[in-house]
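K.L.:
Residue numbers (our numbering), protein chains in the order written: chain A, 39 to 199; chain B, 25 to 816; chain C, 33 to 295.
Bear in mind the hints are in silico, worked out from the structure with no lab data behind them.
Take the hints with a grain of salt, since some may be wrong.
[What the hints assert, rightly or not] The list that follows gives simulated cross-link-like pairs (lysine to any residue, SDA-like), each with its CA atoms no further than 25 Å apart:
1. K802/B / Y213/C
2. K57/C / E56/A
3. K146/B / T43/A
4. K146/B / V53/A
5. K207/C / S732/B
6. K470/B / N808/B
7. K478/B / I261/C
8. K146/B / D106/A
9. K70/C / N56/B
10. K207/C / D163/A
11. K184/A / S35/B
12. K49/C / Q41/A
13. K478/B / G260/C
14. K184/A / L42/B
15. K207/C / I806/B
16. K40/C / S52/A
17. K49/A / L42/B
[As the list claims (entries may be wrong)] Rough simulated footprint, nothing fancy, chain A against chain C, three-plus residues with beta-carbon under 8 Å:
18. 37-43
19. 69-76
20. 79-92
21. 133-143
Note that the structure is predicted; figures quoted are calculated from it, not measured.
Don't be surprised by glycine CBs; every beta carbon is placed ideally from N, CA and C.
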Amino acid sequence: MPQVTLTVNGKTSSVEVEARTLLVELLRDKLGLTGTHVGCDTSQCGACVVHIDGNSVKACTMLALQADGTKVTTIEGIAAADGTLHPMQEMFREHHALQCGFCTPGMVMSAIDLVAKNPQGLSEDEIRHGLEGNLCRCTGYHNIVKAIDASQSLMHAKAAE
Amino acid sequence: MNAVFQGIGASVRRTEDLRFISGNGNYTDDINRPGQTYTIFKRSDRPHAKITGIDSTAASAMPGVVAIFTAADFAGVGGLPCGWQIHNKDGSPMAEPKHPILADGKVRHVGDPVVMVIAETKQQARDAAEALVIGYEDLPSYSASRDALAAGAAAVHDDAPGNLCYDWHIGDKDATDAAFAKAARVVKLDLLNSRLIANPMEPRSAIGDYDRSGDMHTLYTTSQNPHVIRLLMGAFVLGIPEHKLRVVAPDVGGGFGTKIFHYAEEAAVTWAAAKINRPVKWTSDRSEAFISDAHGRDHDSHAEMALDADNNFLGMRVSTMANLGAYLSTFGPAVPTYLYATLLAGVYKTPAIYCEVKAVFTNTVPVDAYRGAGRPEASFLVERLVDAICHDTGADPVALRRQNFIPRDAFPYQTPVAVQYDSGDYFATLETALKNADYAGFPARKAAAAAKGKLRGIGLSTYLEACGIAPSKLVGQLGARAGLYEVANVRVNPTGSVTVFTGTHSHGQGHETTFAQLVVDQLGVAHNQVQIVHGDTDRIPFGMGTYGSRSLAVGGSAMVKAMDKIILKGRKIAAHLLEASVEDIEFKDGKFSVAGTDRAKTFGEIALTAYVPHNYPIETLEPGLDETAFYDPANFTFPGGCHICEVEIDPDTGVTSVVQFVAVDDVGRVINPMIVEGQIQGGVAQGIGQALLEHAVYDAQGQLLSGSFMDYTMPRADNLSNISVGTENTLCTHNPLGAKGCGEVGAIGSPPAVINAVVNALSAYGVRHMNMPASADKVWNIINGGLRAAAE
Amino acid sequence: MYNFEYQKPGALADAVKALGAADAKALAGGMTLIPVLKQRLNQPSVVVDLAKLGLSGITVTGDSVTIGAMTTHATVAASADIKRAIPALAALAGGIGDIQVRARGTIGGSLANNDPAACYPAAALALGATITTNKRAIKADVYFTGMFTTALAADEVITSVSFPIPAKAAYVKFKQPASRYAMVGVFAAKGPAGVRMAVTGSGQGGVFRFTAAEAALASNWSAAALNGISVSADNMMSDIHGSAVYRAHLVGVIAKRAVTAAG
Ligand SMILES: Cc1cc2nc3c(=O)[nH]c(=O)nc-3n(C[C@H](O)[C@H](O)[C@H](O)COP(=O)(O)OP(=O)(O)OC[C@H]3O[C@@H](n4cnc5c(N)ncnc54)[C@H](O)[C@@H]3O)c2cc1C
Ligand code: FES
Ligand code: FES
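All chains, full assembly: derive it from the sequences and hints.
P.N.:
Next up, the structure:
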């Protein structure tokens, strides 16, 4: 079987996989990182979003082998080593941006990428458009948008440190 | 006590969030059991056909295949039971055809499971499922109730002649006929309530596990009510006694009703795990969910209102065809009857109401409760009918509603359709909503929109729901086969922390937070000293789960009762320690004290004494501080309110945007305002989804056209705008918390408000009614037709 | 997904050779191919990942923009050079799917796939692009041969796409509400090749040129020039999101908006 070597949340692993193994299957089934979820089979819900080399991508629409040699960050890897939550995590909790929590890992990973790539700041409307790839069935998005908005200044301040 | 107030009324940040935001949730598909196998259900790709043969020779020989089961293997196993029995007008029971685990001789809808393939990996199971050869002989199929009821239609079930499940009615027909006879005017409306798919973001999943040494069966499942599943599956399907069957519903990623029901896959994996003596895991793909999760709504109705010369409502007649799909799902028959027709009075004092409902078998996925269940159908019908009256008579939508509201002083109010409202103030929610929505300023906004070439419309709904499901005696009379009380076990641990075992289930509602707030409030224990446990039949005495906005009103009330018992026992222990009489001991702020003195014992001291009873009235009192209570509600609760929606339509494309949404609801006592707001926003989003975007559409061949997120339009962040939520609460009079419920109001009140707004925006085109969803092509067709008509 | 052999060659010649095998499939961003494989609608023997062929990059000269086949939508959308030369193209790329799709999906994949609801085909046809492969250069006018079909041979790999820079251009997309692909997408351009308008999302044969509109715009570049000009509903797609008549109507509306947006 082919082998894939990648660094996930700072830890490098080499794993044998069938060629047809998806990245999300590698993460969940082989590496035990079940924080990344699967909510659809048409690449539309964003429950599976992780970062690859700094970009948010849908882990259900990538072969594990395509991720060979990359740096992957999942929801399990965004808090600081001492357990301090990422500002986006903090703001999701503060603003009640989650209910059942199933969309949350993908939503948080998408949101971090969205805010990080837009240091000039995003309007409410831009945040809503930026979430085009993520579905949430519980919240009506109202509080997710609020949480992302609130995280902007925190994230940019942290990046400037 | 905490410095920060965390009792009833505080927006305490959620306890459960810490695991969810870190990726540490524990959903069913996250669970893997040693030696686990994977199963795929080979499902019917046709709506209605005889199975002429199943050849699994090639499939059995495929790599990794462990077992292949068909209906024949399930011969000794029962069918999926239905939880409600409805009676026909003549008193005879409804048709109740068998719902086999796997299709037996015949398939009845696209998605009907036919063969269960178990293999070492999911891909291998899928490979083998593809190698199955199933012979079919197609039969005529029907997706719409109307077609299935037509004379000469082929039978979906041989034992349901004419495809009729029941022909039921409620209300006083003679009184209603009399009201119509004396009416100055009758307003009529035909309307459809569109079929929907709940689509919680977590697809269903189930793992069957069997421990041979103890003959113990375990089912991990995405369920809103593990005890109900244990009862139904153990007693009716598999014949496993409760003490040998454990059902675990861990973190569940949203339910919205569709995870209430006992599904075939749950029984199949539990049964198969014992058969092959290995764990069996099934996780639905989303496309599979579209054709196997119970759908919602799908009503085809005719409504009439009799009015006097002053537009007072005199009587209402409704006849509804309810599509139940191919089989009876757990609550299916209850939704279009007792969860629907009993709400047809709405917030109005209409003195006579008569409703008949024909429930119909079709070749579609079974239909059951989806957020609101029956009540959105009722509120859509009533609130559309009220606007149609305005359309036909020229009455003002606000004034007509006010005129016909049940007055403030009329509570308790007995409706003509079986239920008694305990409390409410419809004037208050209406007034506040009108203010919050700046209703008076609408004409100016409409003019501004017109200047930009946009059609702006405003619509309101003053709706009511019944929830807090449910008083056991009443629902028993209505056909429920179980009681609908709730259970709480409150365990005070020796050091004074508290563990609560509740029979409700949280799949987004935040019980770990709000239920702990009840404990903070009543026992004076810090919020972080409370643990709420749910979702495991081995840990919780019993329970009926979470749906019908019942958790707080019923489950919370059970907790209050259990905590009352804790306090009573605590007072006895304190009386002993403080050498006072029990009557003199009062409990306040986490302290047991002798009234009028400063002699006191803390809650923690009492707990320790209860478990370390060195100085204890052991002759008269058992040690320990652990109490269980069952609470059966005296009545339903009746939240309600007013939703006001404003839309803008682009006449060139027909695209409708919600530009303002205001909800003012009466949900009774609020434990955590932040969570209540979130519940209402989520419900409104689903209601707007139904009104504008979502639609489960079958084609004439019985195929589901909207079978994935590529075609079923889920509301996304940019479809919605901010949702303004307010409350004007009156307390429920019959439960100790005064709570009514907030889980469903959003989805019940909003669809008619949105459609009323769309119809209002299109009023210049002569539009009187529009069925959901108000999709762009439909709206454009109206505008286009209207323009043409105007030009002609 | 059926299993397959996976290869990630480092040279174009090796990729072409691998693609010569029966039922071999090229893999670019995978945003179309992987969902298709997941649904088991395709059973390739070999999947040839084009990621290591050095096919990404953007070159802007005085009169053209050339984009490597493996350049992602996100890269095109963010490119300052493209924003300057053909802002409509950057905007089009920035409106494809969502952030995550744009991070992986490529221009080559989009043009090779020629989904009737895809956005890039409209730009390629309206701007008169040239699609360069390992074998030849193909004019857009002869490249799109119908829904999901192109002039490409099985072992032909798109290496780059070249767009002449227009004087003005705009792309306006009316989204199918669920999938967010184009239900009607109109790319209007006034450039070296004259006035050209391409329509995607709605035609039964995939992307097509709206020639009646082009003729009207050639003499009068304004939305008003399109009054009364329409496409026939006969060749329009029809589904639960919109009838052929509605789509034909939308083509007219969106065409005007595209002309207005182009200025
Ligand atoms: C959720 C979602 C939303 C989307 N929305 C849109 C949208 O709004 N508009 C839109 O236009 N598209 C949309 N897409 C499609 C997206 O743009 C895809 O990226 C694109 O269609 C295919 O590009 P790819 O690089 O991912 O190609 P792949 O999926 O890797 O390949 C697609 C096909 O092209 C072939 N191929 C790829 N590269 C080459 C090459 N260089 N030479 C020859 N053949 C090649 C492959 O063999 C395959 O048959 C969406 C996709 C998703 C998942
Ligand atoms: S699982 Fe839905 S987009 Fe990846
Ligand atoms: S919180 Fe449940 S899907 Fe978003």
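K.L.:
Hint by hint, say whether it matches the structure.
P.N.:
Going down the list of hints, with the structure as the test:
1. Our distance criterion of 25 Å between C-alpha atoms is met by K802/B and Y213/C, whose separation comes to about 20 Å.
2. The suggested pairing of K57/C with E56/A holds, with an alpha-carbon distance near 17 Å, which does not exceed 25 Å.
3. At most 25 Å may separate the alpha-carbon atoms for a hinted pair to count; K146/B and T43/A meet this at roughly 23 Å.
4. Only pairs whose Cα atoms come within 25 Å are accepted, and K146/B paired with V53/A is accepted, the gap being roughly 19 Å.
5. Restraint check for K207/C and S732/B: the C-alpha separation of about 17 Å stays at or below 25 Å, so the hint holds.
6. This hinted pair checks out: K470/B and N808/B have alpha carbons roughly 21 Å apart, not beyond 25 Å.
7. Distance check on the hinted pair: K478/B and I261/C sit about 23 Å apart at the alpha-carbon level, within 25 Å; holds.
8. Straight-line distance between C-alpha atoms of K146/B and D106/A comes to about 23 Å, which keeps the hinted pair within the 25 Å bound.
9. Of the pairs offered as hints, the one joining K70/C and N56/B holds, with about 23 Å between alpha carbons and a cut-off of 25 Å not exceeded.
10. Under the criterion of a C-alpha separation no larger than 25 Å, the hint pairing K207/C with D163/A is consistent with the structure, at around 17 Å.
11. Restraint check: the Cα-Cα separation between K184/A and S35/B comes to about 16 Å, which is no more than 25 Å; the hinted pair holds.
12. Restraint check for K49/C and Q41/A: satisfied, since their Cα atoms lie roughly 23 Å apart, inside the 25 Å limit.
13. Taking the CA atoms of K478/B and G260/C, the gap is about 21 Å. The hint holds against a cut of 25 Å.
14. Proposed proximity of K184/A and L42/B is supported: the alpha carbons are some 18 Å apart, at most 25 Å.
15. The hinted pair formed by K207/C and I806/B meets the criterion: a straight-line CA distance of about 20 Å does not exceed 25 Å.
16. The hinted pair formed by K40/C and S52/A meets the criterion: a straight-line CA distance of about 17 Å does not exceed 25 Å.
17. Only pairs whose Cα atoms come within 25 Å are accepted, and K49/A paired with L42/B is accepted, the gap being roughly 23 Å.
18. With a threshold of 8 Å between beta carbons, the proposed coverage of the stretch 37-43 of chain C by chain A holds, since 3 of its residues qualify and at least three are required.
19. Note: the stretch 69-76 of chain C has 3 residues with beta-carbon separation from chain A under 8 Å; the three-residue rule is met and the coverage holds.
20. Three residues within the 8 Å Cβ limit are the bar, and the stretch 79-92 of chain C against chain A gives 3, so the coverage statement holds.
21. Requiring three or more residues with a Cβ within less than 8 Å of a Cβ of chain A, the coverage given for the stretch 133-143 of chain C holds, as 3 such residues are present.
Checked against the numbered hints above, the structure breaks none of them.
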